[in-house]
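Novice: Chain by chain, the residues run as shown.
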Amino acid sequence: MDRVRLATIWLGGCSGCHMSFLDLDEFLIDLADIVDVVYGPVVDPKEYPDNVDICLIEGAVCSDEHIHHVKNIRAKTKIVVAFGDCAVTGNVPAMRNPLGKIGPILQEIYCDRPETQGQMPGEKGLMPVLIDTVVPVHQVIKVDAFLPGCPPPAARIKEFVQLALSGAEPKLQGSGLKPG
Amino acid sequence: MAVKTLTIDGKAISAREEQTILQAARENGITIPTLCQLNGTSDIGACRLCLVEVAGIPKLLPACVTRVGEGMEVSTDSERIREYRKMIVELLFAERNHVCAACVENGHCELQDLAISVGMDHSRYDYMNPKCAVDITHPRYGIDHNRCVLCGRCVRVCDEIEGAHTWDFQGRGANTRTISDMFVPWGQAASCTSCGKCVQACPTGAIFRRGSTVAEMKKDRTRLDFIVTAREKKQWIA
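Taken in sequence, the protein lines are chains A and B. One gets this note's numbering by counting positions in the first sequence from 1 and adding 3 to each. One gets this note's numbering by counting positions in the second sequence from 1 and adding 13 to each.
Any given hint could turn out to be false.
[What the hints assert, rightly or not] Below, computed lysine-lysine pairings styled on DSS-like, alpha-carbon distance capped at 27 Å:
1) B:99 <-> A:104
2) B:99 <-> B:144
3) A:145 <-> B:99
4) B:99 <-> A:174
[Claimed, not checked] Distance windows between CB atoms, simulated:
5) A:177 <-> B:149: 32 to 40 Å
6) B:235 <-> A:122: 52 to 60 Å
7) A:35 <-> B:41: 49 to 57 Å
8) B:197 <-> A:145: 45 to 53 Å
9) A:135 <-> B:183: 40 to 48 Å
10) A:113 <-> B:183: 31 to 39 Å
[Claimed, not checked] Here are some of the chain A residues that sit facing chain B, going by a computed Cβ distance under 10 Å:
11) 88
12) 98
13) 106
14) 109
15) 110
16) 134
17) 136
18) 137
19) 151
20) 153
21) 156
22) 176
None of these hints come from the bench; they were simulated from the model. Model, not experiment: these values are computed from the prediction. For glycine and all other residues, C-beta sits at the position ideal for the given N, C-alpha and C.
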């Protein structure tokens with residue numbers, strides 16, 4: 004059997020979902036026998052490769068760079084997974100949405116407050132441009148499966164990965180769907 | 014007292030004529046999901062989660078405000094009902110800012126439990142991201158409108174059980190807000206007796222005890238049940 008090509012990516016999130024993935028402990032060793040991690044924060048490649056079987060997307064879509072990433076992932080991946088509450092709902096990064104457009108928010112945080120240095124961060128083109136409304140991944144691309152939780156507990160990730168690797172539709176049920 | 018016979022999910026049932034489909038179902042161990050319903054207060058059919066099918070009637074009927082009828086054939090679970098219930102829960106999540114991970118009620122929340130029971134893995138609807146206030150002017154309690162589902166339990170429990178009518182609604186549709194007295198901060202609402210019934214009645218983290226942080230708020234519905242039992246049956250039993 005061909006080895007499964009697994010990718011992960013960390014967008015607008017705290018990396019807690021990746022930490023929870025590392026909490027799989029011994030199961031990671033079993034996983035290493037059948038899976039190649041071809042992209043993600045824990046491996047070296049800088050470019051997202053072709054022909055990825057499963058990609059776990061952690062984090063909400065917060066910037067133009069994130070939009071570029073998820074579209075690229077969709078084009079090169081069989082099963083795209085919204086991994087954790089930020090990817091599924093927007094969660095904590097989306098808490099800035101009710102505050103309005105990003106321009107005035109940055110202006111207030113970096114310039115207007117007395118304790119700040121009075122300048123916007125980075126030069127044009129240097130930093131990803133934040134979008135006005137943080138959105139969950141499925142509002143930008145088609146998502147094949149959802150793995151909620153903040154973070155998803157390791158046992159839930161294991162159940163999900165085993166389902167996906169068995170070829171069944173990786174659809175969680177019952178308490179496996181608990182957000183938060 | 015007339016008795017009606019009907020079937021719910023194929024099970025033959027007899028119920029008193031003044032009973033609702035929801036009451037008859039519960040007496041017979043049949044679970045219908047609810048959110049706005051609160052024992053001891055009037056039923057208002059607001060949340061629509063208890064929608065059921067009745068043979069011969071094309072539209073869905075809310076079980077909490079529909080009386081039983083002779084020969085009624087009620088179905089509480091079908092593909093169509095499941096899909097509508099899921100849509101309702103998804104709409105509730107999209108309408109306000111329900112950030113479970115940062116909510117006082119995380120792990121004890123009726124909305125969260127509903128999401129699990131209807132099998133919601135994401136909301137198909139765009140989030141509305143409304144700007145919502147948090148009022149912590151009351152010395153003991155707070156209200157976070159980000160988490161409010163407009164079920165009206167606080168309004169009814171305050172009016173019908175406490176008799177204070179501090180809470181009511183202002184505005185319409187998605188812009189509706191729960192307000193205290195004539196839209197003054199809760200801490201300035203002269204009618205509030207600080208009894209805390211609204212805190213126990215609230216199904217989400219919208220009304221909470223001050224000082225609770227993430228996942229620390231757990232509502233104790235038995236306190237309300239005690240008062241309702243005392244009032245309705247004249248029995249002071251816990």
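Novice: Are residue 99 of chain B and residue 144 of chain B close enough, with their CA atoms no more than 27 Å apart?
Specialist: Given that 27 Å is the threshold and the Cα spacing comes to 25 Å, the pair holds.
Novice: Can the restraint linking residue 145 of chain A and residue 99 of chain B be considered satisfied, given a maximum Cα separation of 27 Å?
Specialist: holds, 20 Å
Novice: A closest beta-carbon separation below 10 Å is what the hint needs, so does residue 153 of chain A meet it against chain B?
Specialist: Result: holds, 4 Å to nearest chain B Cβ.
Novice: Holds or violated: 31 to 39 Å for the Cβ distance of residue 113 of chain A and residue 183 of chain B?
Specialist: Once the Cβ atoms are compared, 36 Å apart, the range 31 to 39 Å for residue 183 of chain B and residue 113 of chain A holds.
Novice: Hint residue 136 of chain A vs chain B: min CB-CB distance below 10 Å?
Specialist: holds, 7 Å
Novice: Holds or violated: 45 to 53 Å for the Cβ distance of residue 197 of chain B and residue 145 of chain A?
Specialist: holds, 48 Å
Novice: Under 10 Å is the threshold here; is the Cβ of residue 134 of chain A close enough to any Cβ of chain B for the hint to stand?
Specialist: violated, 13 Å
Novice: For the hint on residue 156 of chain A, does the least C-beta distance to chain B fall short of 10 Å?
Specialist: violated, 12 Å
Novice: Is the hint on residue 151 of chain A kept, meaning its closest Cβ partner in chain B is under 10 Å away?
Specialist: With a closest approach of 6 Å, the residue 151 of chain A hint holds.
Novice: Tell me if the interface restraint on residue 88 of chain A is satisfied: Cβ within less than 10 Å of some Cβ in chain B.
Specialist: Result: holds, 6 Å to nearest chain B Cβ.
Novice: In this structure, is the beta-carbon distance linking residue 135 of chain A and residue 183 of chain B contained in 40 to 48 Å?
Specialist: With Cβ atoms ~28 Å apart, the hint is violated.
Novice: Does residue 109 of chain A pass the interface hint, meaning its C-beta sits closer than 10 Å to a C-beta of chain B?
Specialist: violated, 18 Å
Going through the hint list in order, the structure does not satisfy hints 1, 9, 13, 14, 15, 16 and 21.
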